[in-house]
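Protein sequence lines, in the order shown, are assigned to chains A and B. As numbered in this note's numbering, residues 1 to 399 make up the first sequence, in order. As numbered in this note's numbering, residues 1 to 399 make up the second sequence, in order.
Fair warning: there could be bad hints in the mix.
For identical chains, the list gives no copy identity; a pair is met inside one copy or between any two copies.
[To be verified] In silico SDA-like cross-links for lysine to any residue, where the CA-CA straight-line distance does not exceed 20 Å: (1) Lys333 - Ile84; (2) Lys251 - Gly238; (3) Lys333 - Thr45; (4) Lys21 - Ile60; (5) Lys81 - Thr348.
Think of the hints as simulated: they come from the structure by calculation, not from any bench.
2 protein chains.
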Amino acid sequence: MNNTITAPKGFLAAGLHCGIKKSGKFDLGLLVCPFGAKAAAVFTTNKIVAAPVIVSKRNIKAGDIYGVVVNSGCANACTGKRGIFDAEKMCALTAEQIETKAKNILVASTGIIGHAQPMDKISAGIEKCAERLSATEQAGTDFANAILTTDTKIKSAVRIVKIGSKVVTIAGTTKGAGMIAPNMATTLCFVTTDCVISRPLLKKAFAEAIGCSLNRLTVDIHQSTNDTAIILASGLAGNKTITVQNANYRKFAASLKETAEDLARQMALDAEGATRMFKVIIKGAATQKEAAKAARAVADSPLVKCAINGGDPNWGRIICAVGSVGVKLNPAKVSCRLDDLFVFKNGTPAKFDVKKASQIVSSKEYTITVELGAGKRSDFCYGCDLSRDYVTINADYHT
Amino acid sequence: MNNTITAPKGFLAAGLHCGIKKSGKFDLGLLVCPFGAKAAAVFTTNKIVAAPVIVSKRNIKAGDIYGVVVNSGCANACTGKRGIFDAEKMCALTAEQIETKAKNILVASTGIIGHAQPMDKISAGIEKCAERLSATEQAGTDFANAILTTDTKIKSAVRIVKIGSKVVTIAGTTKGAGMIAPNMATTLCFVTTDCVISRPLLKKAFAEAIGCSLNRLTVDIHQSTNDTAIILASGLAGNKTITVQNANYRKFAASLKETAEDLARQMALDAEGATRMFKVIIKGAATQKEAAKAARAVADSPLVKCAINGGDPNWGRIICAVGSVGVKLNPAKVSCRLDDLFVFKNGTPAKFDVKKASQIVSSKEYTITVELGAGKRSDFCYGCDLSRDYVTINADYHT
């Protein structure tokens with residue numbers, strides 16, 4: 001089975017090394033939908049926005065999308081007017097190859113910040129890439145490789161869902177939540193589907209799927225200048241068009257969410273230096289916003305992340321992190337569980353099997369649940385541990 | 001010259017190993033003002049508050065303070081009612097030794113969270129400590145040693161200021177901003193002075209001094225459950241009582257601020273695994289609050305901290321961090337300097353001497369200045385680098 005973004009009907013892909021990365025690894029990819037696709041996207045909320053994000057935000061409003069051009073190795077961020085010109089040029093060059101207009105192309109970049117794109121290499125690369133466009137699994141894999149930076153492996157997820165008698169396929173790929181080359185934490189995510197669905201509902205389902213997956217993942221606190229998640233729907237599955245939030249919509253949305261969660265998990269487990277991932281669930285918060293804030297405080301805490309790296313069930317750091325962000329809590333009702341094991345209950349240390357607790361926090365994936373005792377709202381997020389390798393990756397490289 | 005908290009007139013101190021720490025290092029200290037002292041304090045804003053903080057907050061309201069009892073190795077946090085009882089008992093035992101009431105004693109603890117105080121050891125220790133009370137520099141050093149956890153050295157600062165014809169001395173000691181044993185980031189700070197000053201003005205000057213020093217220092221994001229900074233004023237310097245915000249007040253306040261800044265610098269440079277420290281100044285913000293938020297974003301960013309550890313002038317991470325926290329900025333006017341060297345100017349990479357930039361970020365102390373171009377407010381904070389040693393210290397220890 002094709003486990004890449006070329007799995008849904010109506011997509012061609014390619015990836016190759018055009019010369020941006022000195023390592024010789026793939027650094028340019030094309031994703032093409034010859035018959036056009038409805039598109040939706042989620043972009044970075046960083047106030048410093050990279051040029052490709054500015055251009056893609058504009059183009060996605062223009063109508064159907066026929067292609068996406070992506071490069072890794074250079075983020076085209078903090079590059080002023082020249083950056084915008086280059087991002088537009090990448091769209092134009094791609095459009096020329098597949099005989100469409102520049103405004104029908106989206107562009108995404110990831111890599112070193114503050115450097116201009118090597119446009120000669122990219123220009124030649126786009127031409128060569130267009131020649132290789134194919135719907136094979138290999139082509140999807142090549143594209144998945146072309147978007148990577150410090151990732152150690154490609155990420156991909158495919159889900160199949162029956163809508164009426166028709167098989168609808170959803171596929172996605174993403175680059176890891178690590179820094180590039182290593183200069184900037186950047187996430188790029190591309191999802192394809194052949195589902196026949198209206199653009200407003202595609203947008204809604206995608207925003208919700210990203211909202212509870214990639215947007216819940218924190219590796220090193222701040223969102224990059226280049227974060228881009230794009231979904232393209234070719235509409236070739238033949239299902240009855242989804243135009244209202246009926247059972248078919250819910251089926252599609254659930255599968256899309258699963259796909260996005262799968263990608264988020266793969267990202268967390270391949271985050272720079274990460275050896276394990278965890279889900280933080282906050283319960284009993286006064287508001288959902290406070291629950292989300294407390295969850296992030298735990299997942300972002302270097303103390304918690306180091307303890308988890310060491311396989312240490314150090315619940316004190318978890319409680320301290322929750323207490324430090326100003327959310328309402330009732331100290332006498334605060335409790336903490338590692339998976340199902342209570343380590344702190346109603347404001348008092350629980351008597352627990354330390355060996356069992358260590359086993360839990362040393363496992364590849366587990367859940368930390370904190371009850372605040374201040375209300376009925378809850379929220380969650382995903383995090384990963386902080387290792388010496390993370391520091392090595394991000395300290396030893398020189399710009 | 002006595003460079004410890006016994007330098008001002010009217011203070012006795014002592015420190016020893018009572019048996020809390022397995023390492024044999026000092027873990028119990030007494031600071032006594034036989035004639036009483038006006039006191040002011042700043043406590044943690046964490047919603048999870050350790051027992052000694054609860055007790056000290058109450059006692060400081062009662063009037064003059066005659067002594068402070070401090071232990072390291074056990075934080076007495078998340079210990080329920082038993083914790084409050086133990087903290088009160090520590091005050092009562094100290095009061096007994098120096099013939100005062102328990103409510104005239106403050107208590108502070110730092111160390112592992114969730115463990116009960118070994119009261120038999122502490123009880124015997126307080127008795128022995130009281131026998132050793134002295135105004136010598138050695139006694140001050142012993143106290144400074146007794147509050148340490150993962151610090152590699154004691155921190156102390158002394159300032160002398162002439163108020164009228166009288167010499168007023170201010171001295172302080174603090175424990176490093178690292179985790180204990182290592183279980184919790186905890187800061188304890190004790191400042192002594194012989195200045196004659198009203199309690200409201202002592203409180204005001206101290207809050208301001210801590211506000212622009214210890215409270216501007218971020219090592220690992222969250223404030224601990226035990227943070228406590230106390231100033232005691234014996235009033236024995238013989239100066240004219242400071243009761244209004246006149247020139248004498250400003251002199252005292254400026255010296256106190258200098259003392260606190262000196263301690264904060266020592267803390268940053270001795271933070272767990274830290275090899276260098278930096279000051280982040282944000283200019284051109286819409287509000288001071290936003291300036292402070294942006295400064296913290298830079299100083300807390302693991303990406304920035306790793307780059308600094310590697311001596312890498314990676315300004316992209318700085319700009320990204322600033323952009324990621326939602327503060328107003330004008331992308332076309334954003335600039336960044338390392339000391340006086342522009343690396344990014346008006347939204348465009350500056351042409352700079354990379355060798356010089358590397359030299360700056362590899363030095364022991366330097367300043368990162370970011371202009372937001374959104375207004376006229378500014379603020380600052382202090383940070384330190386993130387090293388492999390930080391991870392080692394905090395990952396390899398098991399609770």
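How the hints compare with the structure:
no.: 1; hint: Lys333 - Ile84; result: between (53 Å within a copy, 17 Å between copies)
no.: 2; hint: Lys251 - Gly238; result: within (16 Å within a copy, 81 Å between copies)
no.: 3; hint: Lys333 - Thr45; result: between (35 Å within a copy, 19 Å between copies)
no.: 4; hint: Lys21 - Ile60; result: neither (28 Å within a copy, 62 Å between copies)
no.: 5; hint: Lys81 - Thr348; result: between (58 Å within a copy, 9 Å between copies)
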